[in-house]
Amino acid sequence: MTGSTPKPKTYLGVPVSRPRVAFFELSSCEGCQLQIVNNEATLLEFLSLVHVVNFREAMTEKSDDYEIAFVEGSVTRRDEIELLRRIRDQAKVLVAFGSCACFGGVNQLKNRFDPGWVKREVYGDAPVETDRAQPVEDFVSADLRIYGCPVRKEEVERVVTDIVIGKEIHYPKYPVCMECKANENICLFDLGEPCMGPITRAGCDAWCPNNRAGCWGCRGPADAANLSEMKKLMKERGFSDEILLDRLECFGGFGKHVDEYRKGQR
Amino acid sequence: MKLNCNIDVHHVTRVEGHGNIRISIQDGELKEAKWEIVETPRFFEAFLVGKKWDNAPWICGRICGICSIGHTLASIRAVENAFGMQPTDQTRKLRLLLKHMETLQSHVLHLYFLAAPDFAGTGSVFPLIESAPDVIARAARIKLLANDACDCIGGRRMHPTRTVVGGFTMLPAKKDLAGLRDRLSGIMGDLEKTAELFKSFSIPDFTRETEYVSLKGSGSYPFIGGDLISSDGVQKSEARYKEMTNEYVVEQSTSKWSRLSRKSFAVGALARFNNNFEFLQPAAKELSLGLGLKPVSHNPYMNNIAQLVESVHVVAESTLIIDELLDSEFSETRQPVVPKEGMGVGAVEVPRGILYHCYEFNETGNITRCDCVIPTSQNHANIQHDLEELVSQYAVRRMKDSDIDLLAQMLIRAYDPCISCSVH
Ligand code: SF4
Ligand code: SF4
Ligand code: SF4
Numbered sequence: 001m002t003g004s005t006p007k008p009k010t011y012l013g014v015p016v017s018r019p020r021v022a023f024f025e026l027s028s029c030e031g032c033q034l035q036i037v038n039n040e041a042t043l044l045e046f047l048s049l050v051h052v053v054n055f056r057e058a059m060t061e062k063s064d065d066y067e068i069a070f071v072e073g074s075v076t077r078r079d080e081i082e083l084l085r086r087i088r089d090q091a092k093v094l095v096a097f098g099s100c101a102c103f104g105g106v107n108q109l110k111n112r113f114d115p116g117w118v119k120r121e122v123y124g125d126a127p128v129e130t131d132r133a134q135p136v137e138d139f140v141s142a143d144l145r146i147y148g149c150p151v152r153k154e155e156v157e158r159v160v161t162d163i164v165i166g167k168e169i170h171y172p173k174y175p176v177c178m179e180c181k182a183n184e185n186i187c188l189f190d191l192g193e194p195c196m197g198p199i200t201r202a203g204c205d206a207w208c209p210n211n212r213a214g215c216w217g218c219r220g221p222a223d224a225a226n227l228s229e230m231k232k233l234m235k236e237r238g239f240s241d242e243i244l245l246d247r248l249e250c251f252g253g254f255g256k257h258v259d260e261y262r263k264g265q266r
Numbered sequence: 267m268k269l270n271c272n273i274d275v276h277h278v279t280r281v282e283g284h285g286n287i288r289i290s291i292q293d294g295e296l297k298e299a300k301w302e303i304v305e306t307p308r309f310f311e312a313f314l315v316g317k318k319w320d321n322a323p324w325i326c327g328r329i330c331g332i333c334s335i336g337h338t339l340a341s342i343r344a345v346e347n348a349f350g351m352q353p354t355d356q357t358r359k360l361r362l363l364l365k366h367m368e369t370l371q372s373h374v375l376h377l378y379f380l381a382a383p384d385f386a387g388t389g390s391v392f393p394l395i396e397s398a399p400d401v402i403a404r405a406a407r408i409k410l411l412a413n414d415a416c417d418c419i420g421g422r423r424m425h426p427t428r429t430v431v432g433g434f435t436m437l438p439a440k441k442d443l444a445g446l447r448d449r450l451s452g453i454m455g456d457l458e459k460t461a462e463l464f465k466s467f468s469i470p471d472f473t474r475e476t477e478y479v480s481l482k483g484s485g486s487y488p489f490i491g492g493d494l495i496s497s498d499g500v501q502k503s504e505a506r507y508k509e510m511t512n513e514y515v516v517e518q519s520t521s522k523w524s525r526l527s528r529k530s531f532a533v534g535a536l537a538r539f540n541n542n543f544e545f546l547q548p549a550a551k552e553l554s555l556g557l558g559l560k561p562v563s564h565n566p567y568m569n570n571i572a573q574l575v576e577s578v579h580v581v582a583e584s585t586l587i588i589d590e591l592l593d594s595e596f597s598e599t600r601q602p603v604v605p606k607e608g609m610g611v612g613a614v615e616v617p618r619g620i621l622y623h624c625y626e627f628n629e630t631g632n633i634t635r636c637d638c639v640i641p642t643s644q645n646h647a648n649i650q651h652d653l654e655e656l657v658s659q660y661a662v663r664r665m666k667d668s669d670i671d672l673l674a675q676m677l678i679r680a681y682d683p684c685i686s687c688s689v690h
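Going down the list, the protein sequences come from chains A and B.
Numbering-wise, the first sequence is residues 1 to 266 according to our numbering.
Numbering-wise, the second sequence is residues 267 to 690 according to our numbering.
Only chain B is shown next, with the shape it has when bound in the complex (with noise of 0.2 Å):
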């Protein structure tokens, strides 16, 4: 064991939100490894109450500026649930098409802006702009192509305008549904060298048992609701979310923690990949093989292939639901609301994990009660278990400090924290 190490790591970089690390041994003894949220709560929870149900997707993909799109779906979902509306065949399709875009633009911006300069030893992506000019170009080209497509299905890149309870506000153009079908077939060869990209980085080696949670998949691999499942067996309804969330207090951070079967367990698209192989598109199961990722892996580092596993599937399943789209003639854009009292939850994979939304309406429609689980807050607790392991581990392998502060950094990097979000 190392005798001692001191890190302190005010505000993690290269993730979304406020955290630090904190690790100490002393004379050999772990003292302590600590994931903490210093977040400032917004308290969307408590403004929301008296709010008309129109207010609730607008505001509450305020939650998040990167995954605005997967909040305002999650908020839209549940306030259907609640007023007992199915959404038309046309506007699921939509409503996928529109998630997975927002999935490929927040992987790709992961993976290139805040993972890879850790493996390409660098504190930023800046310096590869002029360093490995084609690397960025490519990441850029992939954001582009998912940040139009967000433009034109949701009216907006982030916080968008055309995704309304009922339906959508106005919907694509077929011909420019067309020229992204053509543009995202284009792409894979992009991804193609992204995966080989990441296959030159060593991942680090590291594993520890964990429970992963996600949506079941049933037909395909789950975006948009239904059950929810765990990796130790457990196994709920959409609606009963709060058995499989169980969130609580803790003093060392702002966003709550969640539990299930054990005393942490993990979301995102680790969790995803784990339950819900087999509903891969070809492709990117292919992939996923050739880089060395096969259900159920353990080690929280390769939350970032499997982000690239899922890129390429969503990629390929858009190109399958365009062709539909094309194929159908287009219906009525939005169906009509009749706001009515009770309860709808929408449960909803967004990047980082599953996100639970959950209003009370009275008869007028205006919200009594609200709720919103956040992957990442669902992840917290996870994060520092898997801390105190991978300290331990290195520790007694007798690594340098820097080192250690540098996979621990990596750590969270992989889980992709988006903290101001779980925080809320």
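Chain A with its partners taken away, still in its complex shape (with noise of 0.2 Å):
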């Protein structure tokens, strides 16, 4: 998929009521799958949507028998695409849950360097299999995406709520400094920070401007991402260029914009 909504005939097999859901998590931290947990206040209203069947960090009873998967983390190892494919060949729904899932999330920044010296930077000469870090759908396809470091839970629920209703997925298209202005936050600029709410996807409420801290792109880009005008911006405002390569570098959903970025540079 390219970051739209899916065809509505995806949401055709899975029941309107209570469908089967399943996590899995491949290389990640596990926050998306927490911020589930970690949501008390609704928590209960939303397990009553959905049956989870399969659970590895709050369940020891699993089930193979889901309808719709929630697939967390980036793969980095060859036995994690196995595992992929079967979530693909059972699930009628894939989601990618996640930064890391959608994008390689910060596992892809070790995608800089040399494999070997990664490896030997922190294991020495012992033997440890690892490949480069790489985004879910670089294997397989996924019929949803749930952008964010971590996913914003509102949003979770929402999606979930619209998948069981059999609504539309939508994605807002504008960039984060729409919403930020609608909060009415001071701009992070006039506060001499920098900021990376005029390229990235909005969706996350300007979640860091609100707490009067710049936006590091978690969410990837908005629709009309343009990086020059952030170039500019960044320029003018004193910024160097290692500031905003670190931001649209660190969760890996401006993967394009870097090299482009690089290309430039040279």
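Calculated from the structure, these hints are not laboratory results.
Just so you know, even glycine gets a beta-carbon here, dropped at the ideal spot from N, CA and C.
Fair warning: there could be bad hints in the mix.
Computed footprint of chain A on chain B, listed as stretches where at least three residues anywhere in the stretch have a Cβ under 8 Å from a Cβ of chain A [to be verified]:
#, region
1, 273-285
2, 328-337
3, 412-426
4, 575-587
List time: in silico DSS-like cross-link candidates among lysine-lysine, alpha-carbon distance up to 27 Å [to be verified]:
#, chain 1, residue 1, chain 2, residue 2
5, B, K440, A, K181
6, A, K263, B, K318
7, A, K231, A, K173
8, A, K235, B, K300
9, B, K666, B, K300
Reassemble the complex: the two chains are provided individually, in unrelated frames, and hints are given to aid placement.
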């Protein structure tokens, strides 16, 4: 998929009442899954909506009979590819859950280096298996993405509700700045701080700027992200190339922009 | 001795991350009792190299979703120590308060959602939603308070937004702190009920003499920075943490192992409790004695009880911290940062034990080396040795396979391991 909405037929197979839901994790901090348990106020309501059949972090019972699979984390080892293919075969709806799954997340920062050096730096000469950190969709198709590091629980609940009732899923196409302005925050640039809000996809309700912290782009690019405008803005406000690049490459969502940027720097 | 027993738990559930238990007894001989870690490493220590100092706390919090606040604070402390910065009194208090609320959140999550189902004889907390709704509502109430408090002080309950090198990007409103204080006083009753619940559970009777490592309290129960001690009498400064952790690579685990005076040691709530009992708040001390926990306890299953005791401690101390904050005028939220070349270590007691972050910087404040030593990786060797001892002790008593299996899993869960964190 391309970040747009899945065709309605993808939920036709899903019974409208209490679909069987499974959670899986690849290489991750398990934070996105935890966001579900961490939502005490509405957790019970959420649980009444779905039937959780697999959630290793919370339960011992497991079942391979599920309709919706939430896959968290990025792929960094061969066995994870096999697990992912098995999940794809079973699930009617596969959700790439969080920025690790959607873009590789912070894990993909290791792809900047020679893999041999990466292993030696941490494990010395001991053998350890690891590959590049890659998003889920490098291996299987995903029907839906839920962006964010971490995902925003309100959005997860909305998406799940929409799947259950068979509604189309919409992602905001506009940038974080729109939400930030609606919240009447003081702009970080006016406080002398860098912010990726102008080019990052909204949907988090400007989580970081609401707390007077600059956005680092965890949700990836907005539909019409304009990198050259962003570069200009950062330069005008006195921020170095390094500061922009650190934010562009942090979560993997701006991968192609980083390549562009590096080319431009040469 | 039992003649034959084969247990193979592929991915222990209700723990964070991926680990396996393998037990085999053949013809009356213990062939193996193994705790294996199969989690995929993510290589934070490598991919941070080259990054500017401000990336460290922001990215390192992502080592772990459960204790992201602890990682962020350890990372910030390491950077501040490297740059020779001293947090203000106000920043110290707010950080400790934030830390306390993460401890409460994490301990309650573990006690109710991960540990309790074993004692209740269910595979997860979900059946209890129907059979014991008041118990679940209570757990949710405590967790919600703790998480709301983390939102209020850290900006976000997971991967906090306001915590930065030098202080905070933004301070909580005093009226929100006052509201938090009221809710904290109200939650003590829920913690007492939690204690009654755990008193009704029978904690497995198992001990193995163990060395316990933690921060050393001076004047108060320690959470952020200070000297390091072990119950075998070792004492080191924070900067010399490597002499305390002695990490090495083993074949059965993608996480490293640690040792100190013996072949393994333990960190966590029980270690802190054993080493710093005198500094607990009176209510916490009283509760521990009521639950039959006294220092020094060598029963790893008692870590559950130590977590409960600490939950009471952090709630009691948090109300005091808030009182002090409310009585003072808020000053500057954030100090300016001037990077400099050098090395810094940050040691922080996170829910599962002592955590160290260490960075080396060049003169522009870019990271040249990074090392993170995680509580659970320090515990893995100890879990392994406990497991061997447990299986031998219980096999002699001719216990059923399924009982040994359950006790082994409960042992692992008692440590509340955070495996993806330990591999990072
Ligand atoms: S996207 Fe972020 S919060 Fe979610 S699993 Fe990955 S690192 Fe954790
Ligand atoms: S703070 Fe960031 S998100 Fe908000 S308006 Fe400014 S640039 Fe946009
Ligand atoms: S403000 Fe930016 S970094 Fe923060 S949650 Fe939203 S998209 Fe992610």
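Cross-check of the supplied hints:
no.	hint	verdict
1	273-285	holds (count 6)
2	328-337	holds (count 6)
3	412-426	holds (count 6)
4	575-587	violated (count 0)
5	B/K440 <-> A/K181	holds, 25 Å
6	A/K263 <-> B/K318	holds, 21 Å
7	A/K231 <-> A/K173	holds, 21 Å
8	A/K235 <-> B/K300	violated, 56 Å
9	B/K666 <-> B/K300	holds, 18 Å
Checked against the numbered hints above, the structure violates hints 4 and 8; every other hint is satisfied.
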